[in-house]
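First to last, the protein sequences are chains A and B.
Take the first sequence: its letter number 145 is residue 145 in the numbering used here, and every next letter is one higher.
Throughout, the numbering used here is defined as the position within the second sequence, counted from one, plus 256.
Derived from the structure by calculation, the hints contain no laboratory data.
Any given hint might turn out to be false.
Said to hold, decoys possible - Taking lysine-lysine pairs in the BS3-like style, the calculated list, with each CA pair at most 30 Å apart, reads:
(1) LYS114/A to LYS187/A
(2) LYS116/A to LYS34/A
(3) LYS116/A to LYS187/A
(4) LYS426/B to LYS114/A
(5) LYS426/B to LYS53/A
(6) LYS116/A to LYS426/B
(7) LYS116/A to LYS53/A
(8) LYS53/A to LYS34/A
(9) LYS187/A to LYS34/A
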Amino acid sequence: MSDLRTIPHISCNAIAKRYGSQTILDNISLEIPKGEFVSLIGPSGCGKSTLLKCISGLLPLSSGEISVDGMTPRNARELTSFIFQDPTLLPWRTVERNLTLGLELDGVARDRRKEKARELLSLVGLTHVARAYPRQLSGGMKMRVSIARALASRPQVLLMDEPFAALDEMSRDRMNEELMRLRDEQKWTAVFVTHSVAEAVFLSTRIIVLSAHPGRIARDLPIPLPFPRTAATRSSNAYEALVSQVSRALREGMQS
Amino acid sequence: MNRTLQRLLVQLLNALLVFSALMGLWYFIIWWRHMPAFMLPSPLQVLQSAIARRGELFASFLITAEEAAGGLLASIIAGIAIALVFAQSRWMRSTLYPYTILLQTVPIIAVAPLILMWVGYGSSSVLLIAFIICLPPIIANTTQGLVSVEENLVQLFNMHNASGAQVLFKLRLPHAMPSLFTGIRISAGISLIGAITGELFAGSNRVGEGGLGYSILYAMAQVETDYLFALVAACTVLGFTFFFLAMFAEWFALHNWHESARASDSTEN
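Bound conformation, chain B alone (with noise of 0.2 Å):
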């Protein structure tokens, strides 16, 4: 126990020393090249506007939360759904799997003027386009792990004459548990990438009022560049957030058999 503390407190000694050494090459940069406040604001004039923008960043933030939290939520449900389609049959797979890699390749940024013009401006069509980045790795990982079961465990369900119904939820499902897992921390982090994008593009439909991709967008038009940076650290944050809140629901729906989500565990023999 005591050894763990120690490694702990060094582990925080060492990320705080990469911290400030990377203020002071920020300092540093802005004294050297003689940087005006609306190229580089230094860290502190960074804090000072989000601490006094708090209200509005903390806004803007839940706005992208949401739609990416969205966009996420529905591309697991129809990524399932349509994993468990395409697990029916090879021939399933192999007529309908191309269009999930198409739908993968296609810049989302080229196809996000479409669904402006189609679904308009505002939340809606930012949501939409997370949800179409998020949806490719749940199928390709959920399908993986429904199709990958074992022979000789579908032969163990056939002895008790089992129904198609009992090998899907007491066999198949479970068992592609973990690629889900996989598939949704993937998903996590790009569904930030694509509300943020779509922000860039969909924007708000109230002036001055959006989320985080607006809201950079706002902020670098008003040459209030502290606050865009402000604005950027807020999408860091998020993003932390998303990847942990899948790493831990990983974790917890995981951590009792599989070998992936366990971080140290005593095993017999």
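The following block holds chain A by itself, in its conformation from the complex (with noise of 0.2 Å):
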């Protein structure tokens, strides 16, 4: 296991990305073990976002290249899961439906379809409505079915948008415990794009800190809190301790 997680299973060497002659990303080399939760956090127009969409590659580089898997991200697609800042869900299909559109996507059976719908139902605890469309759900909810149908086809690799920008603290601290709880029973290796300190701290293994204009590595902060990760982490000094410790670098990265 130990050797396994020195293994990059997502590596950046050398990227850049401009748009015209403004450059976005300038020079990030990266590279993620297996298994690890990495947080990408900085001020606005630091290209935490497109860091993340050049790692799923919905964005194309403007030089460097990036691994996924020892693949290139548009063939690493498979095994990847992208978690939009909004739900996206089809407003026209119920929450089974949404949940099996990747699926559906990749022509997985209909029978198996169904089957899957229901385990993922009850992962996120949503069976009750399974025949509601996105309208009749609260925020909470439809992020909850936006996280279920990019865990549907097993992803190894999770890519997170801000996910619960959205939402209130309390839903907020809700969805990060569950975050945790299903990161326990799936192993995927995570990369979360987040503007909340707490929210960084919580989730991950590690927290990078980007710097604005343009976007570079301001300081690779290791997160040594023990799991399982619950609501109790949270009052736990170490916790609060690394809250402050990434707080400062935040500050100081954006004076930089």
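The two chains are supplied separately, each in an independent frame; assemble them into the complex guided by the hints.
Quick look at the structure:
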């Protein structure tokens, strides 16, 4: 297990992203071993979402290269799932049929999809709204559907772009705990973009602080909090200390 | 439930009151200005003529309904097809869209004689005229619906390496449905204007038989003013029928999921 963790699952080699004369990301090199949960944090305009979209292959790079499980990001899509900032549910589909959209696009047979939908619904505790339409759900429930949909294809890499930004603090904390529970079960490698230091510390094994204009890696901080992480984790001294350490690093990153 | 019933009764009563007031005004004008029946027949005379000539009236009603519905259906099919072409690229839209506006701005009355010259008298010309004026709203609304899909949803499909057909049939077309129905609602109303205008020009291939527009001209020439009023009332009934059919189709297709198509709904949270 320990040697497995040292193999980079995602590696970015001197990547840059430019739009015309504007440099969004500049010379970013990053190696993420299997099973790590890495948060990208930084001021707006630091390109953290852009970096995530590059890792997913949704945006082409200007230079450098990224490999995911030894493949190009585009070829690695089958083992990668992306969770967007908004739930991106199709309003004309029921919860159940939203969950299996990805499987449907991948050509999975109907019976298998039904079975998978049942499994996912119970995984995220949404069995009672299987037949509901998205408009009937609260923001937190929609996001849970979105997460369950991303997990449907059993991804090895999970990329998340501020998925809980629109939720109130209480639902956000609850979703964070749920995400940790799912991670324990499924062991994916995660890259998570967020604005919230508290959230990043709670979730991550490692936090990358980016500075803006152009986006560069300012700090690379390990988060050695023990697992499993639960609501109790937030009241530990170690957690508090890490939150203030990351906040400080973020402020320094903004000044530089 | 009781309250709903009560509200419904009050509404009905209000409608009845307004209707009686209008009828009263009508009779009052006839009495006050000493209107002869050939200028302004009484509501009763109109009703009597409608009943006496109900077969003929209903035949005209059906002819106009068929022409308008035919034009509308054809415009829905052609409109969706054209919108699909427009949705392919911005270049296509900017190049071809001005012609849609041209189609919309040319007064149909001005073009009707040309169509008559090319297609000839009768229902086909009328249907074509209805088709032409129904087309622009369908094209414009459907195109808008097809291209206004959120970028994140497209990227979600891209993450699954979705094919162009999958993006079209599972994302763009369903997303365009509410807009398409908005277009249909608009076109359902103007299809009748198209058909009746068309009939004023294109008339019928048989003397004395034709749609409502043709019969209106005929009744005017014969100074059958009571029947002319009955024909106008039939046009109104037809308009209501089209409007409610379009509304019902929209409700039927969208009420499960779309905000605009549901009257009341209890949502959780």
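A quick look at each hint next to the structure:
Restraint check: the Cα-Cα separation between LYS114/A and LYS187/A comes to about 24 Å, which is no more than 30 Å; the hinted pair holds. Distance hint between LYS116/A and LYS34/A is fulfilled; the C-alpha atoms sit about 25 Å from each other, no more than 30 Å. Taking the CA atoms of LYS116/A and LYS187/A, the gap is near 19 Å; set against the 30 Å cutoff, the hint holds. At roughly 18 Å between alpha-carbon atoms, LYS426/B and LYS114/A fall within 30 Å of each other, so this suggested pair holds.
Between the alpha carbons of LYS426/B and LYS53/A the distance comes to roughly 23 Å, so the proposed pair stays at or under 30 Å and holds. With a C-alpha separation of about 20 Å, the suggested pair LYS116/A and LYS426/B falls inside the 30 Å cut-off, and the hint holds. The suggested pairing of LYS116/A with LYS53/A holds, with an alpha-carbon distance near 27 Å, which does not exceed 30 Å. Only pairs whose Cα atoms come within 30 Å are accepted, and LYS53/A paired with LYS34/A is accepted, the gap being roughly 19 Å.
As the CA atoms of LYS187/A and LYS34/A are separated by approximately 9 Å, the hinted pair is consistent with the 30 Å bound.
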